[in-house]
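*Asks:* Taking the hints into account, I'd like the entire structure generated from these sequences.
Counting in the numbering used here, the sequence shown runs from 427 upward without gaps.
No lab work stands behind these hints: they were computed from the structure.
Some hints could be false.
[As the list claims (entries may be wrong)] Simulated DEER-style distance windows between Cβ atoms:
#: 1; residue 1: 436; residue 2: 534; range: 15 to 21 Å
#: 2; residue 1: 534; residue 2: 455; range: 20 to 26 Å
#: 3; residue 1: 432; residue 2: 452; range: 15 to 21 Å
#: 4; residue 1: 541; residue 2: 453; range: 40 to 46 Å
These numbers were taken from a predicted model, which means no experiment stands behind them.
Just so it is clear, CB atoms sit at the ideal spot from N, CA and C, and this is done for glycine as well.
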Amino acid sequence: VQLQASGGGLVPAGGSLRLSCVASGTRLSMNVMAWYRQAPGQQRELVARLSATGRMNYADSVKGRFTITRDNDKNAVFLQMNSLKPEDTAVYYCNADFQGTTAVYWGQGTLVTVSS
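*Replies:* This is the structure in structure tokens:
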């Protein structure tokens, strides 16, 4: 199973980006999907989580600005990031587990840089 994350880049403060994460190598459907981020010198932190039933959780720092969604047909999860701030600069990782298994998988990370 592989999770391929994409969509990162360099944007000015106030800009937007949409991250994508697509699963391949499995016919199983994603169960819980999430985005984490890790800034330089910081621990990895949860940004947003979306359960199979549609329950969403967001870090306080991104509430109202970020939205996590999924496309079950494509086995993909997305993160729409609006009103970006310099403190959102980090490597963003997608994370997922799959129905019927206990393994958790990580994408390779995509760098988001927000300039002030």
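*Asks:* Hint by hint, note whether the structure agrees.
*Replies:* Structure-based check of each hint:
In this structure the supplied range 15 to 21 Å holds for residue 436 paired with residue 534, their Cβ-Cβ distance being about 19 Å. A hinted range of 20 to 26 Å for the beta carbons of residue 534 and residue 455 is consistent with their spacing of about 21 Å. At about 18 Å, the CB distance of residue 432 to residue 452 agrees with the hint of 15 to 21 Å. Under the hint 40 to 46 Å, the C-beta atoms of residue 541 and residue 453, about 41 Å apart, fit the expected range.
Hint compliance for this structure: every hint is met.
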